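Peer 1: Below, each chain spelled out in residue letters.
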Amino acid sequence: MSDLFFMVYVFVLAGFVGFELINKVPPTLHTPLMSGSNAISGITIVGALVASGALHATEHATLATVLGVFAVAFATINVVGGYLVTDRMLKMFKKKK
Amino acid sequence: MEIREIIISLFYLIASFLFIFGIKRLSSPATARMGNIYSAIGMLIAVVATLLNKNIVSFEYILLGIVVGSAIGAYMALKVAMTDMPQMVGLLNGFGGGASAFVALSEFYQKIGPDVAPDIKAAVAISISLLIGSVTFTGSLIAFGKLQGIVTGKVVKFPLQNQLNILLILALITLIVLAVIYPQEQIYYLTIIGISLLVGVLLVLPIGGADMPVAISLLNSYSGMAAAATGFVIDNNMLIIAGSLVGASGIILTNIMCKAMNRSLMNVLLGGWDNTASSSAVSGGKDVVIKSVDSEEAASIFDAASSVIVVPGYGMAVAQAQHAVKELMDVLEKRGISVKFAVHPVAGRMPGHMNILLAESNVPYDKLYALEDINDDFKTTDVSLVIGANDVVNPAARSNPESPIYGMPILNVDYSRTVIVVKRSMAAGYAGIDNDLFGLDNTFMYFGDAKDAITKLNNELKNM
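In order, the protein sequences belong to chains A and B.
Be aware that the first sequence starts at 6, since it is given in the numbering used here, and climbs by one per residue.
Be aware that the second sequence starts at 6, since it is given in the numbering used here, and climbs by one per residue.
Next up, chain A with everything else stripped away, as it sits in the complex (with noise of 0.2 Å):
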């Protein structure tokens, strides 16, 4: 119990960094941090991996292998798609010559 805990303060202070920093974002820049953050959002990956690549041993073994390859799939929409349109969306942006 004491790790959830621990889980939930990382949260919370986590969520305070994020307050913190996204409100120095000026709003030029709103849809690029939504894009870009959306692609951290992709992190989930990290759980989609092991859930499609490990070794199940209970006897839903083949479906939670198939969940997790839709898992790695989605959320790799998210992180590729994710990153490269924030590119695309930045290097637009152009100071006066």
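Just so you know, the hints here were simulated from the structure itself, not pulled from any lab data.
The structure presented is a predicted model; accordingly, all values stated were derived computationally and were not measured.
Even for Gly, the Cβ is constructed at its ideal location relative to N, Cα and C.
One or more of the hints may lead you astray.
In silico EDC-like cross-links for lysine to aspartate or glutamate, where the CA-CA straight-line distance does not exceed 20 Å [unchecked claim]:
(1) K467/B - E338/B
(2) K99/A - E332/B
(3) K100/A - D378/B
Coverage of chain B stretches by chain A, computed from C-beta distances (three or more under 8 Å per stretch; other residues unrestricted) [said to hold, decoys possible]:
(4) 60-68
(5) 76-88
(6) 99-109
(7) 115-121
(8) 226-232
(9) 244-254
Given chain A, put chain B in place with the hints provided.
Peer 2: Below, chain B alone, put in the same frame as chain A:
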């Protein structure tokens, strides 16, 4: 802890650091691109570290998922038009949420068997992860559909809507309690998924087109929360950190969007302005006399000006007029006229929508001003050019306490010497009310599709 686990944990720590550092760099246009790259490197490190996990025995399924996902993701990212960015982000949110739900469900099936079941903590984490992930998934698909024009962009209301929502939420709470008490029963978990998918649809369906900036921000927050919930499911602090960061980011943007419309989140979620307030009552029922100009007359107004502020709105995006607008800026600047852009926080269909379109057409970002930075400049400006914006420039928000949008921060274009409004027709804006601006003495309507109208104007100016 064996050495392999220590190495993996260290990599996760580095990845978490890179996510935070990357977002920090996103706070200035000059460093933002590198920030995004730092964050992507963090993701790569996280993936590689995970593959070192000794529980991972087969890589062919992983490879399958990664190849398919990368191909789809890259194709979408490289093909999408800048004007369609709101749909794109909406869809990506959905994939993130869906991935979380899949991981949680897979985790559940790894944990149940004839004599095993998830413990309390796992049962709670899995249920919540399934809930948030599923809501995010269908909610994002509906948001995508609305922005793409597949699902109606109108506010959708039906009888007993709120009662139904409350009922579904109570059902979800009950199911989560049951899932925790009977963790070996898959029916509770599967029903949580089913109801959550429905809730996602019902949550976004009532939200009107112009309120999409709020919906997209909120779904962005959910996709982060879903990732954090997955972190609780698989006991991984890095997921919790990354998910919490994204969750916070979405909440902040949601809040900014709501403030920019002077409305509460509840009001937006429940379907927007009360459109039953008849528009004639709002504008006092007076007949508004409008003056319209053609491209030649508009050009002569610009010719006499020395300062211009352009106010872009969703109409500019729909007409793909951003390149014509950039050309107008060049033409005007060549004549020694100063040009600035005033961007309202909720202009367009997502936060920052106008900014990326203008960036695409090479308008330097230091010419784009936020509402609070430019609002005092209108009274010393010769011409304000409103392109496809409506409610965000309606002076009724400032002066008419009866108006549904009263109190909403607006761009004070009516304070400038002359206002030219480029608009396709006299149709009302999203709020469904008349715009007092159009009838003002110093306002001229320049009817037409934004792209055609601005292109014609450019040609007139070039021939002068």
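Peer 1: Please go over all the hints and tell whether each is borne out by the structure.
Peer 2: To see whether the hints hold, each was checked on the structure:
{"no.": "1", "hint": "K467/B - E338/B", "in the structure": "12 Å, holds"}
{"no.": "2", "hint": "K99/A - E332/B", "in the structure": "16 Å, holds"}
{"no.": "3", "hint": "K100/A - D378/B", "in the structure": "18 Å, holds"}
{"no.": "4", "hint": "60-68", "in the structure": "holds (count 7)"}
{"no.": "5", "hint": "76-88", "in the structure": "holds (count 8)"}
{"no.": "6", "hint": "99-109", "in the structure": "holds (count 7)"}
{"no.": "7", "hint": "115-121", "in the structure": "holds (count 6)"}
{"no.": "8", "hint": "226-232", "in the structure": "holds (count 4)"}
{"no.": "9", "hint": "244-254", "in the structure": "holds (count 11)"}
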